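J.: Sequence:
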Amino acid sequence: MIVAGFGFRAGAGLDSLRAALRLAGAVAVPDLLATAAGKEDSAILQALADEMGLGIHSIPAERLKLQTTLAQSRPSQAAYGTGSVAEAAALAAAGPGARLIAPRQISPDRMATCAMAEGDGH
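Under the working numbering, the sequence shown has 41 at position 41, and the numbering climbs by one with no breaks.
These aren't lab readings, by the way, just hints derived from the structure by calculation. Being a predicted model, the structure only gives us computed values, none of them experimental. Beta carbons: idealized from backbone N, C-alpha and C, even for Gly. Just so you know, not all the hints are guaranteed correct.
[Stated by the list, open to error] Just the calculated beta-carbon pair ranges, DEER-fashion:
#1 Gly97 with Ala10: 32 to 38 Å
#2 Asp109 with Gly38: 18 to 24 Å
#3 Asp120 with Ala10: 17 to 23 Å
#4 Gln77 with Gly53: 32 to 38 Å
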């Protein structure tokens with residue numbers, strides 16, 4: 001299973017998510033989208049999921065904190081206890097033993113991030 005994990009700011013648009021996914025997605029096509037709990041109901045993430053015909057898995061903050069991320073963003077660390085919401089969400093949703101296949105990529109407008117992980121599922 002390939003999971004695309006997302007982190008994004010409140011003002012992000014659908015184009016921001018698409019751009020981050022395009023940057024991370026050169027390696028694979030995702031089977032599932034994932035993000036931090038509380039962001040899964042975002043209209044832009046729902047629109048992307050609908051467009052791609054994919055589900056969204058929300059990851060509680062406790063599970064995000066357990067993931068080892070390559071990226072180390074101070075704002076992500078302060079807000080979620082992880083260096084990258086995108087990487088942590090992808091890894092957590094991809095299940096135990098998951099590995100990053102695309103580290104966090106940042107949309108050109110810096111409003112969204114996406115990372116890809118591969119694993120056996122959540």
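J.: Against which earlier hints does the structure fall short, listed by number upward?
T.: Number 3 only.
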